[in-house]
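All chains, full assembly: derive it from the sequences and hints.
From first to last, the protein sequence lines stand for chains A and B. Heads up: the first sequence is residues 1 to 584, going by our numbering. Heads up: the second sequence is residues 1001 to 1590, going by our numbering.
Hints were generated in silico from the structure; no laboratory data involved. Honestly, I wouldn't trust all of these hints.
Once the Cα atoms are required to be at most 16 Å apart in a straight line, the calculated EDC-like pairs of lysine to aspartate or glutamate come out as [claimed, not checked]:
#1 A/Lys-222 - B/Asp-1552
#2 B/Lys-1101 - B/Glu-1143
#3 B/Lys-1066 - A/Glu-269
#4 B/Lys-1569 - B/Asp-1552
#5 B/Lys-1101 - A/Glu-229
Cβ pair distances, simulated, as ranges [unchecked claim]:
#6 A/His-518 - B/Gly-1438: 42 to 52 Å
#7 A/Asp-538 - B/Arg-1241: 44 to 54 Å
#8 B/Arg-1471 - A/Asp-358: 24 to 34 Å
#9 B/Arg-1241 - A/Glu-442: 30 to 40 Å
#10 B/Ser-1370 - A/Pro-461: 28 to 38 Å
#11 B/Glu-1068 - A/Trp-289: 31 to 41 Å
#12 B/Thr-1034 - A/Ile-14: 49 to 59 Å
#13 B/Gly-1017 - A/Leu-6: 44 to 54 Å
#14 B/Leu-1156 - A/Arg-17: 35 to 45 Å
#15 A/Ala-458 - B/Lys-1574: 31 to 41 Å
#16 A/Pro-461 - B/Glu-1455: 46 to 56 Å
Some, not all, of what chain A presents toward chain B, calculated at C-beta under 8 Å [unchecked claim]:
#17 Val-45
#18 Leu-64
#19 Thr-122
#20 Val-200
#21 Ile-268
#22 Tyr-416
Keep in mind it's a predicted model, so treat the numbers as computed, not measured. All C-beta atoms, glycine included, are put in the ideal place defined by N, C-alpha and C.
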Amino acid sequence: MSWNHLRFFVSYLIKYRIGVGLGILALLLTDFAGLAVPWILKEFVDFLPRSPSQIDLLGFAGLLFAAASIQATGRFGWRKYLFGSSRRVEFDILNRVFGHFLILDRPFFQRLRIGDLMSRATNDLRAVRDFMGLGLLILVDSAVVISACFILMTVINPSLAFWVLLPLPLVSILFFSYVETISRRHREVQEHLSVITERVRENIAGIRVLHSFVQEEHEKEKFRELCREYIIRNLRVTRLFGVFTPALVFTIGISGLISLWIGGRAVIEGSMTLGDFVAFNGYLMQLSWPMMGVGYIINLSQRGLVAVSRIDEILSAEPVIRDRAGAVDPGTLEGGIEFRDVSFTYPAAASPSLIGIDLRVNPGQKLAVTGLIGSGKSTLALLIPRLYEVEEGAILVDGRPVTDYPLERLRRDIGYVEQNPFLFSATLRENIALERPDATREEIDEVIENAGLVPDLARFPEGLDTVVGERGVSLSGGQKQRVALARALIKKPRILILDDAFSSLDAETEEIILKRIHTQVRGITTLIITHRLPVVRDADQIIVLDRGTIMERGTHDELMRVGGLYARTCRNQALAREMEITLQ
Amino acid sequence: MSDLNRESLRDIYKDWGLFGRILGYLKPYGFLVTAVIVILFVVSLLNLAGPYLTKIVIDDHIRPSKMEGVDRIALLYLAVLLASFGGQFLQTYLIQFIGQKVMFDLRTQVFAHLHKMSFSFFDRNPIGKVVTRVVNDVEVLNEMLTSGLILIFNDLFTLAGIFCIMFYLDWRLTGVVCLVFPFLYWATQAYRVRARDALRKNRAHVSGLNTFLEENLAGMSTVQMFGREEAHYERFLSIHREKLHEDLRSLQYNALYVPSIDLFNSVGVGLVIWFGGGRFVQEEIQLGVLVAFLQYLQKFFDPVRDMAEKFNIIQTAMVSSERIFELLDTPEEIANPPAPLPVRSVKGEVEFEKVWFAYTDERWVLKDISFSIREGESLAIVGATGSGKSTLINTLCRFYDIQKGAIRIDGMPIQQMRKEDLRRNLALVQQDVYLFSGNVLDNIRLGNRNLGIEEVETIAQAVNSHQFIDRLPYKYEHEIREGGESLSMGQRQLLSFARALAADPRILILDEATSSVDTETEIQIQSAMRQLIQGRTSLIIAHRLSTLKHVDKVLVLKNGEIAEYGTQKELLAKKGIFHKLHSLQAQSHI
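Next comes the structure, spelled out in structure tokens:
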């Protein structure tokens, strides 16, 4: 329950101070009108023995109705303004969280899982909203009602008030002994729900494997285990609250008993009127709800603060990769790439993925990168558009370190096509025109043509308006890869990185596509990571990576003459291609 | 207005159906639920006893000014308080306990049901949506059970109890109070219809919002690489605004309705003061009765207000339960036979007889496929993309059911086996390997949890995985992150081989990866594959010429039909497609 988390709330309270202020005002109105009711009843009871006339009675009824009307109006007001503000705060926070997701980088998303992030953005946010709305309401309400009742009871009969209120400090003792434990237990519940979420997600993602290995029962058992633990954690919270709230009610009851005992005597002795006694008890009864409210507040605020700390973890995460102060946009890139003694180790990895890479690609040139398992090919590609940040050495684009460019420039002029591209559940057109929703029909047609998608589109009844299922499930691997290429091409990039981008296509199609890119897009620098060597024969430069270092380097002919890994692989693959052709 | 009414009638009907179904989940805990209701009844009685005891003290002791007997009442009061304390604790705990149990049952049931769904179900439904069903919707339902449904009994008891007491105190005054009820009913109806509409729309927006959020989290790199941050933020904002709009609308209804109860309340109190005060003056009624009556009347409207609050929770839960039940009602497309053949361990004979299969309608993907493999034999399936190779494998695993013909293992049709028995005897190595979060060890022994570390090591060595696993920071204990991102394609492939070997199946089905691994690994994979098919019936979708060398039989698929099929020798004599492939292979060895 640190000050930081409270400050988080306070900043939103200040933003919605008018709504919150009106809400609190309305709440005060409600409370005071509510407090007036026992007073009116007291007057009524004391007045009764004096044989009131019909008019007097109507007067009391009217007074009561007036008080109730004010109360009702106030209730409407705080509901609308206090709860309304809490909804708006929720709205703001979620927008802020989403906005912050958009600037966070890969290292962050590798640390926290999607299931967990979703849980924070939904379950935790709800807890925050409840705290802002209900919590604030009960806080103000309890404070006002409790203090007003104390005062009024003291006004009616100070000594009786003293005796009656004596047991109440018990409540605060309860309060302080529970706070710590409750907050810890709440956190345990919320964390466990995240674990459950993640488990379900993973089960669905890997369902094909689980079924082919007949793991349903095992997974169900593991899931039951998780759910059982969830019950235990929830009940731990319940046990505390199960005691807390009844204890408050009990305390009030004891006060009632004292009031009956001492107050009753006072009435008989004549030191107190019956009306006073009725009103006194009325106020005492009004205390029971705000007293329970105290318990509720602890619950809400604990949950709220835990939730805020979890949301704040997202909001306070700083992207490592961002625009450096004073980064100047030099305009469209030319496309030259240079690596100067670059070494790179992934966060939390034991060994480096790239060691001392020196490399130079002139604008318009074609670089092919190939190599063994885990040799660092993809890492090399990821560093150019700054998806990860280099720590040793430097990567230069057009002679300037990539860190000196605004990210937007780099990413606009670099097209990056992955092996497993992510498509959005939208139409093909929207996926292709992702970067440029304003692209003309001609521009789209052109990239479709260049990506070799024309025959595929002809097979979809709705053509470009075909909706792709979530993450492109309704498309084949090869189709997804070409859609990804098309959406990269429509950016008119100056540097095109193809990271094993056509692995699901046959070699022939890949070659056609690559040729087309080079004839259609003039002067584009391409970096092709591939295992299919025949398709990169004509590259200006070919490098073979091994465990993070460049092992072979040269043109196709040079490498074939050397007779190393490249030459061997190349010959094997030529053969495989023949096979494919035979089968067609 | 009338439209709204008709709509609501149908909804009410549906809601009651759902309601009944939710109540069904309480059945196993019938005893506990009964106990809770009894406790609730007692607690509400105990809570009502307070004002009544006060009335007795006023009328019998304070007004006549005799204090003897008050101590007995005070003791009674204390007993009531203690009982109420115990009752409330028990009530809170039991309600939560039941809620948690029901949530457990429901969640594990939904989870188990998910595992019965066919693959086409997961093709159709986004992961985020399904996860929401299992996690959030169940959570909402629990909230409804614990703070809604069961506690409604509390309100109903209190309501009935107060009404009875008021009726007992003075039936005429109660009659006067009843004048308010028609108006209360009318207000409630007007509120319910509108609030339901707003809440439902709100839920739909929430679901859309979550789907969008999930998708963006999963594809964040893409969003950023394509500079879509702003556009997606705008999209998010527009969905979110609609949600807020409905949020505020339902809030508005609630804000109007709940205070209206206060007004009805005060009208009631006013009527009692006017009417009851008059009767006191005429000495038809005692003062204590009037005071008690007023106190009860003020309490009378609390449960009504409470139920209005619960209506929100229940409405939200209705939508959630609707979605959960919709999932639970999705039929199992590929079910186990009612009387399955007993299968323990098969020998491994595989036979396809005149098999026809189409994913949709009559667009046949497999046409009249017949072949057979004897125990321990290996068959390579070759064919161009889209020729039906993967489909053939999917039908053998019974991920989809064939429309015509028969697939038999050891002469038994696979439809007559339990799916689990069938799959236990098969191991499928897919092109794209899915790794689970957990360590390497658990990923390897996925199909056989009983293996010890030494056995797993032996297996890994056999399929050339040991080498790279040994280089991982924690070796076999190395934690694999979601989807195995830290491993390369080739490493994942080798791991999946180890996984298949660990399952030690009689029949191995292998979808050879196309070109995602480099040559060095290729060699490792090839030798691992030879290890794997050793002594097992194997079906291999071959993408490599070299693979063909090691198999007994070859099947060439073309557009879903068998173009060539036979032993290597037979096919060579035929001088067809396989012959061509074979001569290519021969050239490579020059």
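Hints versus structure:
no. : hint                               : in the structure
1   : A/Lys-222 - B/Asp-1552             : violated, 41 Å
2   : B/Lys-1101 - B/Glu-1143            : holds, 13 Å
3   : B/Lys-1066 - A/Glu-269             : holds, 10 Å
4   : B/Lys-1569 - B/Asp-1552            : holds, 9 Å
5   : B/Lys-1101 - A/Glu-229             : holds, 12 Å
6   : A/His-518 - B/Gly-1438: 42 to 52 Å : holds, 45 Å
7   : A/Asp-538 - B/Arg-1241: 44 to 54 Å : holds, 53 Å
8   : B/Arg-1471 - A/Asp-358: 24 to 34 Å : holds, 26 Å
9   : B/Arg-1241 - A/Glu-442: 30 to 40 Å : holds, 34 Å
10  : B/Ser-1370 - A/Pro-461: 28 to 38 Å : holds, 33 Å
11  : B/Glu-1068 - A/Trp-289: 31 to 41 Å : holds, 34 Å
12  : B/Thr-1034 - A/Ile-14: 49 to 59 Å  : holds, 51 Å
13  : B/Gly-1017 - A/Leu-6: 44 to 54 Å   : holds, 46 Å
14  : B/Leu-1156 - A/Arg-17: 35 to 45 Å  : holds, 41 Å
15  : A/Ala-458 - B/Lys-1574: 31 to 41 Å : holds, 36 Å
16  : A/Pro-461 - B/Glu-1455: 46 to 56 Å : holds, 53 Å
17  : Val-45                             : holds, 6 Å
18  : Leu-64                             : holds, 5 Å
19  : Thr-122                            : holds, 6 Å
20  : Val-200                            : holds, 5 Å
21  : Ile-268                            : holds, 5 Å
22  : Tyr-416                            : holds, 5 Å
The structure does not agree with numbered hint 1 stated previously, though it agrees with all others.
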